[in-house]
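S.K.: The residues making up each chain are set out below.
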Amino acid sequence: MFVDFLRFQPEECELLEGFDFFVVFNSKNLVRASTTSELQKQLKKAKGFVGVMSDNVKVNREAIMRRKVNAILDFENRALDYTSIKMAKEKDVVIEVSLAKFLRTKSFKRSKLLEETRLLLKLLLKFETPFLLTTGANCCLEARPRKQVYRFFSFLAKDSGIDSEKLIKLAKKNSYRIYRMLNDENYIMDGVEVLK
Amino acid sequence: MKGFKMKGLPPALRRRKRYIAFKLIVEKNNKRNNEKLTAKQFFQEVCQKALTLYGEWYFSQIKLELFDEKSGEGILKCTREKLDAVIALLTLLTEVEGLSIAVKTLGVSGTLRGCRRFLKSFKSFNGKEINTER
Numbered sequence: 001m002f003v004d005f006l007r008f009q010p011e012e013c014e015l016l017e018g019f020d021f022f023v024v025f026n027s028k029n030l031v032r033a034s035t036t037s038e039l040q041k042q043l044k045k046a047k048g049f050v051g052v053m054s055d056n057v058k059v060n061r062e063a064i065m066r067r068k069v070n071a072i073l074d075f076e077n078r079a080l081d082y083t084s085i086k087m088a089k090e091k092d093v094v095i096e097v098s099l100a101k102f103l104r105t106k107s108f109k110r111s112k113l114l115e116e117t118r119l120l121l122k123l124l125l126k127f128e129t130p131f132l133l134t135t136g137a138n139c140c141l142e143a144r145p146r147k148q149v150y151r152f153f154s155f156l157a158k159d160s161g162i163d164s165e166k167l168i169k170l171a172k173k174n175s176y177r178i179y180r181m182l183n184d185e186n187y188i189m190d191g192v193e194v195l196k
Numbered sequence: 001m002k003g004f005k006m007k008g009l010p011p012a013l014r015r016r017k018r019y020i021a022f023k024l025i026v027e028k029n030n031k032r033n034n035e036k037l038t039a040k041q042f043f044q045e046v047c048q049k050a051l052t053l054y055g056e057w058y059f060s061q062i063k064l065e066l067f068d069e070k071s072g073e074g075i076l077k078c079t080r081e082k083l084d085a086v087i088a089l090l091t092l093l094t095e096v097e098g099l100s101i102a103v104k105t106l107g108v109s110g111t112l113r114g115c116r117r118f119l120k121s122f123k124s125f126n127g128k129e130i131n132t133e134r
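Sequences listed follow chains A and B, in order.
For the first sequence, position 161 matches number 161 in the working numbering, and the numbering has no gaps at all.
For the second sequence, position 114 matches number 114 in the working numbering, and the numbering has no gaps at all.
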């Protein structure tokens, strides 16, 4: 089961082929904050599978520590540090790695993003932090088929000396885990589930 | 564009090639009254993108083989070693001549005949939204 994180409601978007389910982040479950106090205020209103978008390292770190937050969403200016990635593993917060940020940027900015993503993938594999390879699309034209998304990140990982097979394997495993977390009522956490 | 070809090369020395079948999706209701892109325009953009992304080294190993303007489908030829690089390149294509586009790769094959099969049959998206408010 492959899950994708989207920022729009897809209607007949053939570019999303290969994804079985998708989570749409809208005003209800998407929190955009630039300060920690703003984050705390907005989290009170948020419902469902909550994702946080912030360009501030402190806000992202604070969000990871909050029980209500499920995912740290990806965009061009996201700032994450070493400790946040390590902490996300302990708190079971999903770190999104999206493709759309590369489509929205060009030249120098894109090359910086590629370098950042290489380092991020290295750390995600090192700590085995839950992560998801997604399209992160804002509109239908920013979406891409699942195979294409996985192939892109596999190429990026291979090019940087990262174990690309392990990366894809973990991404698939996390995708299935998120699907079960959201869809299966018997699932509590890894290794703990209600058996009838 | 004709590339350099050495005649009479034994099969063992020939470069292994791969054909990538793709579908070009152009923004609906665009500013130019649903104007369609030509093969030349698309080819130029692929070349430009390859040059900016990988440089002249990789660019020498990418060739546009076939493009059907009516259906927006096409086949791109590249060397086997650079297959992933070319797919990554196609994934990153977002604009041609001011029109927003997206390239969907349909399949990869070692022969042109095998690749044409992908053009005939491609699946559509039928994913479901997960209701997260439980």
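For the record, the hints were derived by calculation from the structure and aren't laboratory data.
Quick caveat: nothing in here was measured; it's all calculated off a predicted structure.
Keep in mind that the hints are not guaranteed to be accurate.
The calculated lysine-lysine pairs, modelled on DSS-like cross-linking and capped at a C-alpha distance of 27 Å, are [claimed, not checked]:
#1 K106/A x K122/A
#2 K106/A x K40/B
#3 K106/A x K77/B
#4 K23/B x K7/B
#5 K40/B x K158/A
#6 K169/A x K158/A
#7 K68/A x K106/A
#8 K49/B x K109/A
#9 K23/B x K172/A
Here are a few chain B residues that face chain A, going by a calculated C-beta distance under 8 Å [said to hold, decoys possible]:
#10 T52
#11 T91
#12 A102
#13 K104
Virtual Cβ for every residue (Gly too), placed ideally from N, Cα, C.
S.K.: Hints first: check each against the structure and report whether it holds.
M.R.: Right, here's what the structure says about each hint:
no. : hint            : result
1   : K106/A x K122/A : holds, 23 Å
2   : K106/A x K40/B  : holds, 23 Å
3   : K106/A x K77/B  : holds, 25 Å
4   : K23/B x K7/B    : violated, 33 Å
5   : K40/B x K158/A  : violated, 32 Å
6   : K169/A x K158/A : holds, 14 Å
7   : K68/A x K106/A  : violated, 34 Å
8   : K49/B x K109/A  : holds, 15 Å
9   : K23/B x K172/A  : holds, 26 Å
10  : T52             : holds, 7 Å
11  : T91             : holds, 5 Å
12  : A102            : holds, 5 Å
13  : K104            : holds, 6 Å
This entry does not satisfy hints 4, 5, 7, going by the numbered hints stated previously.
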